[in-house]
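Chains as they are written, first to last, in this note's numbering: chain A, 84 to 362; chain B, 132 to 579.
These are computed hints drawn from the structure, not numbers from a lab.
We put the beta carbon where it would ideally sit given N, CA and C, even for glycine.
Treat each hint with caution, since some may be false.
Computed from the model, here is a short list of chain A residues facing chain B with C-beta under 10 Å [claimed, not checked]:
#1 P137
#2 M152
#3 D178
#4 V180
#5 V182
#6 R184
#7 M188
#8 P197
#9 L211
#10 G359
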Amino acid sequence: MSVEQQTIGMAMDIPHNQIAIEAKNVSVYYGDYRAVKDVSMVIPRHKITAFIGPSGCGKSTMLRVFNRMNDLIDGARVEGEVIYNGQNLYDHHIDPVEVRRRIGMVFQKPNPFPKSIFDNIAYGPRLLGIRDKQTLNEIVERSLKGAALWEEVKTNLKKSGLALSGGQQQRLCIARTIAIEPDVILMDEPCSALDPIATQRIEELMRELVEHYTIVIVTHNMQQAVRISDYTAFFNIRKITVDHREIRWGELVEFAPTEDVFNSPREQETADYISGRFG
Amino acid sequence: MINDDKSFKKRLARRNMYGSISATFFFVANLIGLLLIAALFLHIINQSMGYVVYVNRVEPETLSERPLEDLSEEELGQLILQNQPARIRVYIRDYLSRVSNDEFAEATVGAILRGREYPPEWGNIPLRDLEHEQQLELLYRNMNQRQMLNLVVENIVQPTAAKSWRLFESLFHSDDIKQQAAEEFPNGDLKFHSWLNWDFLTRSVTSSATTTGLKTALLGSFWIISITAVTALILGVGAAIYLEEYASDNWLNRAIEINIRNLAAVPSVIYGMLGLAVFARALGEITSGAVFGVTDSNGRTVLSAALTLAILILPILIVNAQEALRAVPSSIREGSYGMGATRWQTVSRQVLPAALPGIMTGVILSMSRAIGETAPLLVVGASTFIGIDPNGPFSKFTVVPIQIYEWTNLPDQTFKSVAAAAIIAMLFVLLLLNAIAIILRNRYSRSF
Ligand SMILES: Nc1ncnc2c1ncn2[C@@H]1O[C@H](COP(=O)(O)OP(=O)(O)O)[C@@H](O)[C@H]1O
Ligand SMILES: [Mg+2]
């Protein structure tokens, strides 16, 4: 364990058994370009952790580190360790398919499959080989209830997922994710395409979900981070100029309980960013 | 000045004038295209029907009191025996023989009619040593009444179109035509005839314009296109999936992709040479069916032709399927992977179903290209005249466009009308395929 790592964990008094995922000295490269440098942090269990920071600072990139979605991008490469359940997710014998089955993801733009509501939710269980109609029915009902969508769609599960409103689509995507009962749910700006009322519903839903799941959310909306998150990680862009060429990368600046980040930030940078956006 | 009102007005008039000039030009271009198509259709339709005067070499009434259609196989056989006893052997050779023409002269009944019906005790006797009556028995035992009737009509009655007229002449000068026909062919039978009719589509090819049909060529086209479609679909979609979903972005895969795109521009006759060398010759054992126990053919078969056409349309198909796969939004792939799907699960459950209408549209359009191909099939070895309908992958073949070409090349002008009828039939099939493609595209084009 690096020294910095210990300070982050200990400074925040998170007991070891309350840590869901731990990133150690993670850097992410797209080809030769290092998008994120040397991030060490923990994701606390059954809490909502928010990632904030300016556009392009690597929030989405860092989020995708946790379920190996970066593997899908040609040329993307991750250095460092991500410890989950005592194992490094980037060990060569770990299958990313298994990682994603435990650590689910909800995307920025609602992306229901072009299938019925039922089939959208049954998709994950079917991938795992569940065929029994009765079991699938139960899973679909439980997931839709869990995502607070059941009452709106229960009479019409055959309808296409694409026919729902934006907010409903996003809740469908959440329902689809919890259908395979993951441990952790990663959400990349899940409300950025939604209107305020739909946003509020999703925020309420996240507070309910956090009873059972660990949630990490990227958001560009700082009020949202304040409203819903327990911990906040602030990322920022660093630049240096070498031989007249500007080199940029993203770094984790501050990671602490949300209250502390917004009320008594440790770093001046954080204070500037927050006041600039808030004030 | 940019805001100068007067010069603005002046310029505006000029700008509008340029606009209307180009609009007129585009309109005229369309008009020319339409006129050409209309001219083409009128020309073909004009040839495909009109008055025909038929003359029989032998009037059917002189052969039998009852209409020929009502006679039994045996009775029709007797007519052949009375009129053309020496030709019975020729008919056996043309319609029933299992041996090549070179071997036929010496061959025994058993060899010639292998697998067909004949009295077992004749098996070892050479066919030419049988009496005409005995040969006749072999003929009608293996043919049904309709086939026997065709033999009699074609070879004894021999109705021929002595003269034919085009549609427009027939419509506008019918009195002149009637008068002329009565003078020139007093025994002739003047009829208004559409060369495109059900009989024409369902009759096998013969050497006479009045009795020939498109069935042989249609079957050839059908067999070839079916095998082409299945082969090209499997290979093309497989290659496209590999390139789009599996291949990483390295120089080798990029080289493959560029090559495929270039192959789409290679003239089709070159594919014909490839097909001849590879499928008809090198793989002749397989394409002739020899390894499956078929003996009476060489490598110039339906299968060789189909594989050649499959290779020909493969590049277009791959590029098209790649585009269809690429049009599936990446958010769907991400969603699927994010749910813990494997790559194959993602491809087979999300990407392929979403891309299928696009892929099928491309398949159908390349089918309609393959149907019209002539040059490569001539090289691979389409038969210029075949008496037997193709009935499987190892048959000799001809296809509709080649048949049309053959007919237009014959000296007998009546065959021009036959060709026109075949062209209409082929255009109809092509339009049908294109319509299906358009319907598929509109019906299933999704908004994600
Ligand atoms: N697929 C990719 N290929 C190359 N560069 C990328 C890719 N995705 C993101 N980047 C780069 O990585 C940096 C961080 O991006 P991202 O994680 O999307 O930032 P954020 O989500 O904080 O806006 C940006 O400079 C971006 O241009
Ligand atoms: Mg982002």
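Status of each hint after checking the structure:
no., hint, result
1, P137, "violated, 24 Å"
2, M152, "holds, 7 Å"
3, D178, "holds, 9 Å"
4, V180, "holds, 5 Å"
5, V182, "holds, 8 Å"
6, R184, "holds, 3 Å"
7, M188, "holds, 4 Å"
8, P197, "holds, 6 Å"
9, L211, "holds, 8 Å"
10, G359, "violated, 32 Å"
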